[in-house]
Structures are given as C-alpha cells and as structure tokens.
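Asks: Could you build all of it, start to finish, from the sequences and the hints given here?
For the protein sequence lines, the chains are U and P, in the order given. Each residue of the first sequence is one higher than the one before, starting from 1 at the first, in our numbering. Each residue of the second sequence is one higher than the one before, starting from 1001 at the first, in our numbering.
Please note: incorrect hints may appear among the correct ones.
Said to hold, decoys possible - The calculated SDA-like cross-link candidates involving lysine to any residue, where the alpha carbons are at most 25 Å apart (straight line), are:
#1 K1175(P) with D21(U)
#2 K1171(P) with L23(U)
#3 K1171(P) with E25(U)
#4 K1116(P) with R44(U)
#5 K1116(P) with G36(U)
#6 K1074(P) with L42(U)
#7 K1171(P) with E1127(P)
#8 K1162(P) with E22(U)
No lab work stands behind these hints: they were computed from the structure.
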Amino acid sequence: MSGMDKAGDRSGVSEVADKPDELDEAIRDFRLGVHGWSEAALSRPRTVVASAPRRIWRLALGWTLGCALVVGGVSGGLYEQHQRRETARVVAAKAAEQQRLAAQERARQEEEELLAKVDRDVSREVPSAMEPLARLMAEDESQ
Amino acid sequence: MARAEEIAAEEFSAVVTEHRTQIFRFLLSSTRDVDLSETLTQECFMKAQRNWASFRGESSAMTWLMRIAINLQKDHWRNRRLQFWRQTQAYAVNLDAASEWLPSGERSAEQQLLAKERVRQVGQAVEGLSERQRTVFLLRYVEEMELREIAQATGLNEGTVKAHLSRALAKVREKLGGKR
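Replies: Here it is, written out as structure tokens:
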C-alpha cells in the first residue's frame, strides 16, 4: 500500500495520476506480488548442491564423449592410413618377388642356351669319338 | 594502501547488503527465472566489485548497480539467441506467478480472488511488452524508481522513458479492460 502511495504521491508522474483507481490497485497488487515472490525466492532452500554435480556430470560426460569421438576419428584415420601403407607394401613386395623370379628364369634360360650353344660348337670342332672307327669301317667296306 | 582497500571492501559489502534484494527482484521480474536471477545478481555484484574503484558517485550506487544488471540481462538474452534456449524456457515461469505471492491483507476471500486475477492480468500484459517498455515499467512500478533514476539506469533520456512508460501503461490498462 505504501508503495503505491509513494508512487502516487510523486509529483510530475502524470501517467500515475491519470490512471483510474482500478489500474492503481492492480499495479500496486502486482508490485506486492512481485515483492512477495522475490522474498520467497531469496529465502528458499538452495538447490546448488543438487544441481552442481549434475551439471558437472553432464559436462564430464560431454567431454568424455567428445574426446572419445576425437580419439576414435583420429585412430580410425591412422588405422586406415596404416592399412593403405601395408597394402601398398605387400603389393610392392609381390611385384619385386615376381620381378626377381622372372629375372632368375631369364638367367636360367640364358645359361641353358649358352650351354647348348657351347655343346653345339664343341661337337662341330672336335670329332666324335667314334668317327675314326667309322671311317675305318667305311674303308674296309670299300676294299 | 591496504587500509584503503579494506575500507573499499567494507563499503562495497554494505552496498551488497543494501541493494542485493532489489537487484535480484528486478532480475527476477525481468527474467522470471529464479536460478538465472541469482546467477545474474552474483555476476552483477562481481562486476560492480571489479569496477568499484572507478565508481565516482555521479549517480547513486543503486542506479549504477541497476545499470549493470540491465546490461547483464540484455547480454543474457542476446547470447541466448545464439544458444539453445531450452534451459531458460524450462525454468522460466509466467509473470502472473506473482499473484500467488500476493499478501491477503484485510481483504475478503472474494476481494482476494479479484486482486489475484488483476495481478495475473498485469503480469500477462507486462510479459507482452517490448523489452525496453518492460524494463521501464518494472523499474517504475515495481522498484519505484524516479524517472531521472530510470533514465540514468537505462541510458535513455527522461522524455524517452516517459514515452515508454506511457505506452506500457496503456497496454496494461487495455489488458485490464480499460480504455486507452
């Protein structure tokens, strides 16, 4: 009541003076209501203890999930990269092995060809062990 | 030097004791959220303490604190637009909750019911006001501040404060069923 009286008494506040009584009363009651609400809210039992751990847990959970996502993403990426490198390494090793085998085969063939050529050349230059005998036999036959 | 700081701390402590209730009440009626109002009240006094040395007393401590509170509240709403605003929505109540706290006084049961209904209507009307109109209305009619003080606290000139107040009052009157 005193609040409205105080407001109403103030000079130069024409918007208050012009109001009908009902508006005066309504605003005064509104003020009293807000004051009562505020006092009750200030003197209420505090719930800080109950709400703080929940917030902390929520924060911790958020951070944990966030970290797990980041770690998962990074390790997934690293694993993928490692797999790619490993595959490339295996493919390269296979190709090198094939090349090595092919080179071995080629060397073996070349060696065989060389030996065959040597055999052929030797057989042409050196008379066969049976050649004199054969010639003697041929001579005998002619006689 | 240490003695001066001690005196300043004592002065500030007295200011907190004297004005805490009013700052909290203004923030409560503006935000309609008890927890948020407590947080903003604390922030207001923390900010005031940090700047206490630079307070020159050009306006009253109350007006200065109210200005900080108004800015904090504005910042809150501005930031909230960028964030998820479910939390405040979840905890905010309608301003007509004030009717629940209306003292019965010497009224009859019928008069009390009528008064509660009127308070509810005023609360609804105040909620429907623009931010600036609401601030001016609450400072004038709930905190009972002078127009000059409201002008200092809001950073508006007195003429603008009067204009906002007049529009706010017209809307409240309209809600109560009166003519403009």
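Asks: Hint by hint, where does the structure go against what was stated? Just the numbers, ascending.
Replies: none
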